[in-house]
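First to last, the sequence lines map onto chains C and E. Position 185 (the first sequence) corresponds to 185 in UniProt numbering; numbering is contiguous. Position 237 (the second sequence) corresponds to 237 in UniProt numbering; numbering is contiguous.
Calculated directly from the structure, the hints in this document are not laboratory data. Glycine included, each C-beta is placed from N, C-alpha and C at the ideal position. Among the hints, a few may not be true.
What the hints assert, rightly or not - Distance condition first, Cα-Cα at most 30 Å in a straight line; then the derived DSS-like pairs of lysine-lysine:
1. C:K360 to C:K346
2. E:K184 to C:K346
3. C:K360 to E:K340
4. C:K103 to C:K146
5. C:K340 to E:K346
6. C:K44 to C:K103
7. E:K346 to C:K360
8. C:K235 to C:K184
9. E:K213 to E:K360
10. E:K146 to C:K359
11. E:K359 to E:K213
12. C:K213 to C:K103
13. E:K184 to E:K235
14. E:K103 to E:K146
15. C:K235 to C:K103
16. E:K360 to E:K340
17. C:K184 to E:K184
18. E:K235 to E:K103
19. C:K346 to C:K235
20. E:K184 to E:K146
21. C:K235 to C:K213
22. E:K213 to C:K184
23. C:K146 to C:K184
24. E:K359 to C:K213
25. C:K184 to C:K213
26. C:K213 to E:K360
27. C:K235 to C:K340
Said to hold, decoys possible - Computed far set for chain C versus chain E, every beta-carbon distance over 12 Å:
28. Q14
29. E101
30. D111
31. A123
32. K146
33. D161
34. A164
35. G195
36. R222
37. Q223
38. Q240
39. H261
40. A276
Number of protein chains: 2
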Amino acid sequence: MSEATASPAQRLAQLREAIDATDSALLQLLQQRRQLATEVGVVKRALGQPLYVPEREAALLSARRAEAEAVGLSPDLIEDVLRRVMRESYLQQQAADVHLEDKTIVVVGGDGALGGFFAERFAEAGAEVFRLGPNDWQAAAQWWPKADLVLFAVPIDITCDLIAQLPPLPEHCVLADITSIKVKPMQAMLAQHQGPVVGLHPMFGPQLATLAKQLIVVTDGRQAEAYQWLLETLKRWGAQLYQTTAARHDEAMGFIQVMRHLSTFVYGAHLQAEHANIQELLDLSSPIYRLELMMVGRLFAQNADLYADIILAHPENFAMMRRYLDTFNETLSHLERGEKSQFTQKFTEVGQYFGEFSKKFLEDSQRLLASAGDAHQLSKVGGS
Amino acid sequence: MSEATASPAQRLAQLREAIDATDSALLQLLQQRRQLATEVGVVKRALGQPLYVPEREAALLSARRAEAEAVGLSPDLIEDVLRRVMRESYLQQQAADVHLEDKTIVVVGGDGALGGFFAERFAEAGAEVFRLGPNDWQAAAQWWPKADLVLFAVPIDITCDLIAQLPPLPEHCVLADITSIKVKPMQAMLAQHQGPVVGLHPMFGPQLATLAKQLIVVTDGRQAEAYQWLLETLKRWGAQLYQTTAARHDEAMGFIQVMRHLSTFVYGAHLQAEHANIQELLDLSSPIYRLELMMVGRLFAQNADLYADIILAHPENFAMMRRYLDTFNETLSHLERGEKSQFTQKFTEVGQYFGEFSKKFLEDSQRLLASAGDAHQLSKVGGS
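Next comes chain C alone, as it looks inside the complex (with noise of 0.2 Å):
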């Protein structure tokens, strides 16, 4: 059946055929890579080398999109796929990048979900491990004394007494924590501990597979030169630190933790209250609030009680946020008179407010969304 006799039924189902091909084709290209990629990994390990480096990875995109640009293929196309190629290339070259044969390492709520996640990072790194749960403290007496790092990774209101009931460490061991908060936790372990100290807040879930790209936010306690090691095994692993001080964390925290998740929390009890169905809000939303919504529900299937902890913490939020119903309050009782151009008046200050950062975040949002929209991934659930 040749090309020019076929009608177009036929046509269609060669077309089709070809495309299958041309899939298969682009499969075996993948595969290739990723063989490629994993020995990049093991030369970097000979070499020392990071893995990830941000001026190759902008050289070999733009290099790929001026050649996309030259047959006439979309360059953001090229782009985007290569961008997902190249997380699955840092998910396998990860594990085989650092060494720490030589260490001993406590994590104290090791069984827990975040603190388990280090651990296993550390273990699979050749660390001699031990992962501390509320019943083995009698157990650790043996470990303290050879620990190069003990990191706590237990909720934050026991935090504070459980560092207080540290034995007393090796001098030269690392004290480190990995808890939301930042002032109590830093001060409790100065005060425990003479040796080096560091704080550290992940800001990602136990859910990830991988380091790579995430941050962590380091808060110097004492001693930096000491505990290089440890920033360099997290850099190594792909993570970017961000380096502030304890008071300036816990002050953003207010609005970045306490206040988002409380007004999330607070938005998913009023659609119970409301009896609202929410297979029916997302079979009539528009993708943004799609995503919206799934921003309020997936709270609600984490751990209560960690999100209680965080927004207990600092007492004093409680202010800033009575000032925030304050604001609710009024812009209501304003839109109940029906008095628009307060509203919009309002709306333009805060748009100058965020200045270049609204623009931004449309177009980085509009983007987002053609890329879940790919996938259906906002709508998968029941009949929509």
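Starting from the structure of chain C, add chain E where the hints point.
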């Protein structure tokens, strides 16, 4: 320089060259696939077949996933890549797929953003289109008698008044609107015109390049068979239609639009009032919070009047928002008294209300964050 004798640094350079060559080959394949997909569009047009065929897409993906698993490649990787590639195909195929050469269409508000979007699609499909702006009512006199479709795309607060000013239309003419409320415009259209009437609410903004996979809510007015050609056209363009009543639509929009826009607005206003430093918040944020901050900030890059009109269109929603504030106030009071168990208990209840959705939303959001992370989409502004 052979593989065996190369130093690690030389080997790294070799591997990078091989990766570049693979990426170029991949680009050639994508280009080849694009040409095949374009021809598929032409053939489908000849056959009168719809552009988006969910079954074909599912079969294609499932075949490639199986192939990937067989060679040890991630099935998610090939699926994500192919979905991205197919989005590009829809973009190209769409324009050629609809023919409206025999239609005359008046878009009232065709000089606006979303009205202009539809006017452009109709014109591309060959229809004779008259874009009616605020000063064109006199010039429109010659268009009404030959109109096959009159589509209202004007701000909410003037829609009903303008509909009431319509002269008599031909009996067969379809009268439709794309207002984001439905009860009042439907009443106005049914009162003004005795022929076919249909309400549309496109659940997307005018920034889109294509209707593929986008949701449009449809509320029936009168003579459904006579406006089928319009719905058929929207479906050909790839839109997903969702039929409901005007009343149910408007009730759901209380949650979807009013509650969301209002809380987002207050969120932004509060950040401004507290002088929060947006760049610092971004620097210190997890991907999920960067996403949430983006969802807030993007609002303020948009039209203040549009949001004011949406919020003011249904004053009965203000009572619902008062109840929202009551819930917020009550929650905060419990927390101020340190009543953690009240919070966690309510958290569990709301989790039960969300049911399977909360887990699904959490998974969806993780997948979305992973693809956003590929492109640093949520942190591109400033020095982060």
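Hints, one by one, checked against the model:
no.	hint	in the structure
1	C:K360 to C:K346	holds (20 Å)
2	E:K184 to C:K346	holds (28 Å)
3	C:K360 to E:K340	violated (38 Å)
4	C:K103 to C:K146	holds (9 Å)
5	C:K340 to E:K346	violated (35 Å)
6	C:K44 to C:K103	holds (22 Å)
7	E:K346 to C:K360	violated (36 Å)
8	C:K235 to C:K184	holds (26 Å)
9	E:K213 to E:K360	holds (20 Å)
10	E:K146 to C:K359	violated (42 Å)
11	E:K359 to E:K213	holds (24 Å)
12	C:K213 to C:K103	holds (25 Å)
13	E:K184 to E:K235	holds (26 Å)
14	E:K103 to E:K146	holds (9 Å)
15	C:K235 to C:K103	holds (17 Å)
16	E:K360 to E:K340	holds (27 Å)
17	C:K184 to E:K184	violated (57 Å)
18	E:K235 to E:K103	holds (17 Å)
19	C:K346 to C:K235	violated (43 Å)
20	E:K184 to E:K146	holds (26 Å)
21	C:K235 to C:K213	holds (9 Å)
22	E:K213 to C:K184	violated (50 Å)
23	C:K146 to C:K184	holds (26 Å)
24	E:K359 to C:K213	holds (25 Å)
25	C:K184 to C:K213	holds (28 Å)
26	C:K213 to E:K360	holds (24 Å)
27	C:K235 to C:K340	violated (51 Å)
28	Q14	violated (9 Å)
29	E101	holds (21 Å)
30	D111	holds (21 Å)
31	A123	holds (24 Å)
32	K146	holds (34 Å)
33	D161	holds (16 Å)
34	A164	holds (21 Å)
35	G195	holds (27 Å)
36	R222	holds (22 Å)
37	Q223	holds (24 Å)
38	Q240	violated (9 Å)
39	H261	violated (10 Å)
40	A276	violated (5 Å)
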